[in-house]
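Single-letter residue listing:
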Amino acid sequence: MAGNAAIDLTSPPRQEVESVVIRFSGDSGDGIQMTGGRFTDTTALAGNDLATFPDFPAEIRAPAGTTYGVSAFQINFGARDIKTSGDAPDILIALNAAALAVEIPDLKPGGVVIVNTGGLTEKNLRKAGFEGNPLEDGTLSNFRVIAIDISKLTMEAVKNSGLKRKDALRCKNLYTLGLVYWMYDRDRQPTIDWLNKRFASHPELAAANVAALNAGHAFGETAEMADGITPYTVAPSHFAPGEYRTVHGAEATAWGLIVGTHLAGVDLVFSSYPITPASGVLHALARLKHFGVITFQAEDEIAAICAAIGASFAGSLGVTSSSGPGMALKTEALGLAISAELPLVVINSQRAGPSTGMPTKTEQSDLFQAVFGRNGDSPLAVLAARSPSDCFEVVIEAVRIATKYMTPVIVLTDTYIANAAEPWLIPDLDRLTPFPVEFRTDPEGFHPYLRDERTLGRAWAVPGTPGLEHRIGALEKDYDTGNISYDPANHQRMTDARGAKISGIADDIPLQAVEVGEESGRLCVVGWGSTYGPIARAVGNLREEGHLVSHIHLRHIWPLPRNLVRLLRGFDKILVPEMNTGQLLTLLRAEALVPAEGLSSVTGKPFRISAIEEAIRLRLGG
Amino acid sequence: MTVVTVPDTMTPKDFASDQEVRWCPGCGDYAILKAVYKTLADVAVPRSDVVFVSGIGCSSRFPYHVSSYGFHTIHGRAPAVATGIKLANPDLSVWVVTGDGDGLSIGGNHMLHVLRRNVDLQILLFNNEIYGLTKGQFSPTSRVGTVSPSTPMGSIDNPVSPVAFALGSGARFAARSVDTMQRHLPMVLKRAHEHRGASFVEIFQNCIVYNDGIFDDFTDKEVADDNQIHLEHAKPLIFGKEGEERGIRLKPGVIELEVVRLGEGGIGVEDLLVHDETNRSLAVMLAAMAPPEFPMALGVLYCDPAPGYETLVRDQIEEAKARTPNGDLNALLREGYTWTVG
Ligand SMILES: Cc1ncc(C[n+]2csc(CCOP(=O)(O)OP(=O)(O)O)c2C)c(N)n1
Ligand code: SF4
Ligand SMILES: [Mg+2]
Numbered sequence: 003m004a005g006n007a008a009i010d011l012t013s014p015p016r017q018e019v020e021s022v023v024i025r026f027s028g029d030s031g032d033g034i035q036m037t038g039g040r041f042t043d044t045t046a047l048a049g050n051d052l053a054t055f056p057d058f059p060a061e062i063r064a065p066a067g068t069t070y071g072v073s074a075f076q077i078n079f080g081a082r083d084i085k086t087s088g089d090a091p092d093i094l095i096a097l098n099a100a101a102l103a104v105e106i107p108d109l110k111p112g113g114v115v116i117v118n119t120g121g122l123t124e125k126n127l128r129k130a131g132f133e134g135n136p137l138e139d140g141t142l143s144n145f146r147v148i149a150i151d152i153s154k155l156t157m158e159a160v161k162n163s164g165l166k167r168k169d170a171l172r173c174k175n176l177y178t179l180g181l182v183y184w185m186y187d188r189d190r191q192p193t194i195d196w197l198n199k200r201f202a203s204h205p206e207l208a209a210a211n212v213a214a215l216n217a218g219h220a221f222g223e224t225a226e227m228a229d230g231i232t233p234y235t236v237a238p239s240h241f242a243p244g245e246y247r248t249v250h251g252a253e254a255t256a257w258g259l260i261v262g263t264h265l266a267g268v269d270l271v272f273s274s275y276p277i278t279p280a281s282g283v284l285h286a287l288a289r290l291k292h293f294g295v296i297t298f299q300a301e302d303e304i305a306a307i308c309a310a311i312g313a314s315f316a317g318s319l320g321v322t323s324s325s326g327p328g329m330a331l332k333t334e335a336l337g338l339a340i341s342a343e344l345p346l347v348v349i350n351s352q353r354a355g356p357s358t359g360m361p362t363k364t365e366q367s368d369l370f371q372a373v374f375g376r377n378g379d380s381p382l383a384v385l386a387a388r389s390p391s392d393c394f395e396v397v398i399e400a401v402r403i404a405t406k407y408m409t410p411v412i413v414l415t416d417t418y419i420a421n422a423a424e425p426w427l428i429p430d431l432d433r434l435t436p437f438p439v440e441f442r443t444d445p446e447g448f449h450p451y452l453r454d455e456r457t458l459g460r461a462w463a464v465p466g467t468p469g470l471e472h473r474i475g476a477l478e479k480d481y482d483t484g485n486i487s488y489d490p491a492n493h494q495r496m497t498d499a500r501g502a503k504i505s506g507i508a509d510d511i512p513l514q515a516v517e518v519g520e521e522s523g524r525l526c527v528v529g530w531g532s533t534y535g536p537i538a539r540a541v542g543n544l545r546e547e548g549h550l551v552s553h554i555h556l557r558h559i560w561p562l563p564r565n566l567v568r569l570l571r572g573f574d575k576i577l578v579p580e581m582n583t584g585q586l587l588t589l590l591r592a593e594a595l596v597p598a599e600g601l602s603s604v605t606g607k608p609f610r611i612s613a614i615e616e617a618i619r620l621r622l623g624g
Numbered sequence: 479m480t481v482v483t484v485p486d487t488m489t490p491k492d493f494a495s496d497q498e499v500r501w502c503p504g505c506g507d508y509a510i511l512k513a514v515y516k517t518l519a520d521v522a523v524p525r526s527d528v529v530f531v532s533g534i535g536c537s538s539r540f541p542y543h544v545s546s547y548g549f550h551t552i553h554g555r556a557p558a559v560a561t562g563i564k565l566a567n568p569d570l571s572v573w574v575v576t577g578d579g580d581g582l583s584i585g586g587n588h589m590l591h592v593l594r595r596n597v598d599l600q601i602l603l604f605n606n607e608i609y610g611l612t613k614g615q616f617s618p619t620s621r622v623g624t625v626s627p628s629t630p631m632g633s634i635d636n637p638v639s640p641v642a643f644a645l646g647s648g649a650r651f652a653a654r655s656v657d658t659m660q661r662h663l664p665m666v667l668k669r670a671h672e673h674r675g676a677s678f679v680e681i682f683q684n685c686i687v688y689n690d691g692i693f694d695d696f697t698d699k700e701v702a703d704d705n706q707i708h709l710e711h712a713k714p715l716i717f718g719k720e721g722e723e724r725g726i727r728l729k730p731g732v733i734e735l736e737v738v739r740l741g742e743g744g745i746g747v748e749d750l751l752v753h754d755e756t757n758r759s760l761a762v763m764l765a766a767m768a769p770p771e772f773p774m775a776l777g778v779l780y781c782d783p784a785p786g787y788e789t790l791v792r793d794q795i796e797e798a799k800a801r802t803p804n805g806d807l808n809a810l811l812r813e814g815y816t817w818t819v820g
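Residue numbers (our numbering), protein chains in the order written: chain V, 3 to 624; chain G, 479 to 820.
Heads up, some of the hints might be wrong.
In silico DSSO-like cross-links for lysine-lysine, where the CA-CA straight-line distance does not exceed 30 Å [to be verified]:
| id | chain 1 | residue 1 | chain 2 | residue 2 |
| --- | --- | --- | --- | --- |
| 1 | G | Lys512 | V | Lys291 |
| 2 | G | Lys699 | G | Lys512 |
| 3 | V | Lys166 | V | Lys154 |
| 4 | V | Lys161 | V | Lys110 |
| 5 | G | Lys799 | V | Lys199 |
| 6 | G | Lys516 | G | Lys729 |
Worth flagging that the hints you see were computed from the coordinates, not collected in a lab.
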C-alpha cells in the first residue's frame, strides 16, 4: 500500500479512493478480530482485492485496558490488486486508551483516527501510559481526529434489548463497524445474516448486535460532525472472471490436504498436537470427517508425527503440523521417516522464536531447521507457501512429492499466512491432474527397498498385502535386500541414494520463473514465504519509477529449482529480505556461490514495503 | 505376477523370518519369540495381517524375527506408531514389543495414552529390570540398590510396577507371564490377542548378561510353586505345593490382602478371594503382591473390555458421513460466502 488513500475530509459527497488501509484496535475482549472478519467478508463481496493482518496478544484474556492486551486487525483493500496488508494505516479505530497508545505511532501523518472517548477514562488513560488527555494535549495534532463516545451511543442503541450493561457494551464493535460501513459504502446485509446465524440460539444478542450495527451506520448518515466526515467509495478491483471467496491459510491448508490425498487416491490421517498458530489446520480438518478424514489429537508432537508415520506405513498419508517448539520435538521421528522412506507431510506454521518466542507473532526463521535440522545426512523436501491461498497449491504439491518419492515433505507457512485472509479464485477441482499412488502388490522380486528407477522412491507395500510381508526400521538397510546392514560401502551407497532421490525431485518441479522484471541485470530481490507481498509491491513500485529490478520468489526451498543458480548468477546484486537473520541468504550463498546480501526484519510483524524499497534504492545507488 | 496362496494352517515355524537372531545366547528373548510363534500359529491370523511394532532396545529387535509385517521404530515411540497403523487400518492385528526402558522411561507418556485410549493392540513389555542394549544401566523397573555402570553405589530411585502403571492408566486388559513358561505364556498371549482394545502384558525376561537371575525369587523351579500364583477367572486364589496349599484373602478389618494356609485355624477354600478379572480394585491389589511376603501374580489380572479407540474413530466418521452425505469437494470450497466476477 503506497500511500494513495488521499482522504479529504472536507469535500462531500462520496469521494473515490484507490485503496485504503484500516486498522481496528481495542481490548482483547472488544471483538476486534470478529469485526475485522466481518469487514473482510463484506469488502470481498464488494469486489475489492484485499489482504488482512490479524495481530492479537498471546494471552487469552489479558487484563482489560492494558497495552499488552491490545488486539488489532488491519485490512488493506482497493480497486487495484493488493499485495500486503499495508505498511501504515490510513484510518485507525481505537476503542480504548491502550489501543490508541499502542497503535497511534503507526498511523500515517494526516491519517484519520476514530477514538472512542468512552474508552478514555482516567483509569484507562493512566493504564495506557498517557499523562494527560491525548485529545487535548497535542498528542494527536498530526492526525484528523473523530472523537465519539461509542460506548455511550452503543448503550443507547441497545437499551431496549434487555441485555445486561456489560453485554450491551460489548456491542460497541458492531456500532463501530456500522460507522465504518457507512464511510466505505458497504452493504450491511451479509453481516446481519451472519449475526443472525451466529447467535441463532440467542436472538436477543443477535438483535442487539444488529441494532448497534444499524445505529453506527445511521450515526454516519445523520450526525453532524465537527470537521465533517466524508464518505468514500472504493471501486471494485479488476479480478479475472470466476467464482471467488476469501480464504485463510489454515483453511486453504486443510482443503489442500483433502484435495491432495484425493488426487493421490489415499486416505488422510492428520495427527497433531495443539500449538499456536498451527492449531487452525487441526480444527478445520476435525470438522471435515464426512470426507473420511481421520484427525488425531496426540499426547504430544512426538506421538503426533509417529502416529502419522504409522498411518503412512499402513497405507494412508500421514500428515502432521506444528510450530517452532513442536517442530523441534518432531526432529527424531523425521529422521525415522527419512530412513524408513515413508511419505509424510509436515506443516510448520512458523512463529517468532527461539524456544517459545512470541507465539502469536510471525517470523520465517525455521528454514535451516527444515532443510538441515536433523542428525545424520537426512535430506527431505521443503516447500514454502507465499500467501493464505497459496497454501492450497503448495500442500497439494507436497502430497504429490511425498507419495511419489516416498519422503517426508515439510511445508513452511507462518503466523501471518495462517491467520490472514485474501480473496481466492476457487479452483475447478475437475481440472486438477490426479497423481494416483501405486501400492506394490506383486511379490515377484520384491524387497522393501526396491527403488523405482526414475524417482528412486522405494516400493510402498502395505500391511495386509499377502506375500509382501517385510520389516523396516531406522537401522541402516542393505541396498539390495532391505535387511539390516552395517557394511561400510553400503552405508555410503544408501546415503548417496537418499540424497540423490531428494535432489532428483528438482527434475520434477517447474523451473524457477522471474516474478517480474528481467532475467538478468543489476539487481534481483529473492524471497520466499510470506514476504512475497511486500517484496512484490516494493519491486513493483520501483519499476513504476523506472528502476530495473527483478523479483524471484521461491516455492521450492529444497531441492532448489535446477535453473536457479544460473538465474542468480545473471545479476550483479542479489537482495534477500527475510523475517530471520539470513537463512535463505546463507543457503543461496552456499549453493550458488553468489554475493547475495540480506535484509532482516524480525519484529514479529510482516515486512514493511518501505523498508524493502529503501534497501533496493540503496543498492541501485539512489 | 506371482499368485499368493495363504496356507490354511500355520505352524510356529512359518512365523520365523530369514533374519539371523542376534540376542546373547541364553537371553530370555529367545523363549518369548518361541512362545509368540506358537501363539501366532494358534490364533491363525494370516501373516500378512499381522504387524509387529517396536521401539529401541534388545527386546525391540523382535519384529525382525517374525515373518509378518514389522516396523522397528525409535526409542519409546512404538505405541504412537502403532496407533497410527490402527487408525489407518483397524483390521490389522498389531503387536507392540517394548522394554522396561523403552516403554516406561522414554516412552512412558505414550504408554499411558495408548492404554487410556484403549487402542486395539497387544502390548508386550519385556521386563528385564535393566537397559540391555546400552550395556546394563539400571532401568525404571530396577529395584532400589541395583548396582550398574551408572549407579556404582546402587540405584536410589523407586521402581515402577508395569502392571500397576497400566491399570492406573486405564488399561482394560493387564496380564503377566514369564519368558520360560512355555505353556503359560502362549495362553496369556492368546488371551491378549482375543481381547479387543489395548492388552498389556508384562513378561518377566531374564537378561543373562546384565541382570541374570533377577527374577529367580519366583521363577526358580525350587520356589516357583510357593512364590507364584496362577490366576484363573472365577477360581479361588490358591497357590503352593500340593498338600501345603495356601490362599489369598482379605485381611479382616482392613483393605489389604494376606496369605493364609489352607486348613490352618479352620480356614477353607470358601474363605479365600475368588479371582474376578473384571474387578479393577482386586487387580490393583494383586499387581502389588511380590515375594517374599506374597506370591507373584501371573496370568490375566484384569480384563474388562470396552470399545477400541480405532472403532470409535471410525464410528464418528460414519456418523459424520450419515449427517452430511455426498462429501463433495467442489461444494466444500464454496461453503460460506462466494461471489462471481464477470
Ligand atoms: C532417543 C534415544 N535415546 C537413547 C537411546 C539409547 N538406548 C537404546 S535402547 C535403550 C534402553 C533399552 O532398554 P529397554 O527398553 O529396557 O530394552 P532392553 O534392551 O532391556 O530390552 C537406550 C537408552 C536411543 N536409541 N534413542
Ligand atoms: S543384553 Fe541382555 S537383554 Fe540384551 S540380548 Fe543380551 S541377554 Fe538379552
Ligand atoms: Mg530392559
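Comparing the hints with the structure gives:
no., hint, result
1, G:Lys512 to V:Lys291, "43 Å, violated"
2, G:Lys699 to G:Lys512, "20 Å, holds"
3, V:Lys166 to V:Lys154, "14 Å, holds"
4, V:Lys161 to V:Lys110, "36 Å, violated"
5, G:Lys799 to V:Lys199, "23 Å, holds"
6, G:Lys516 to G:Lys729, "40 Å, violated"
Violated hints, in rising order: 1, 4 and 6; the structure is consistent with all others.
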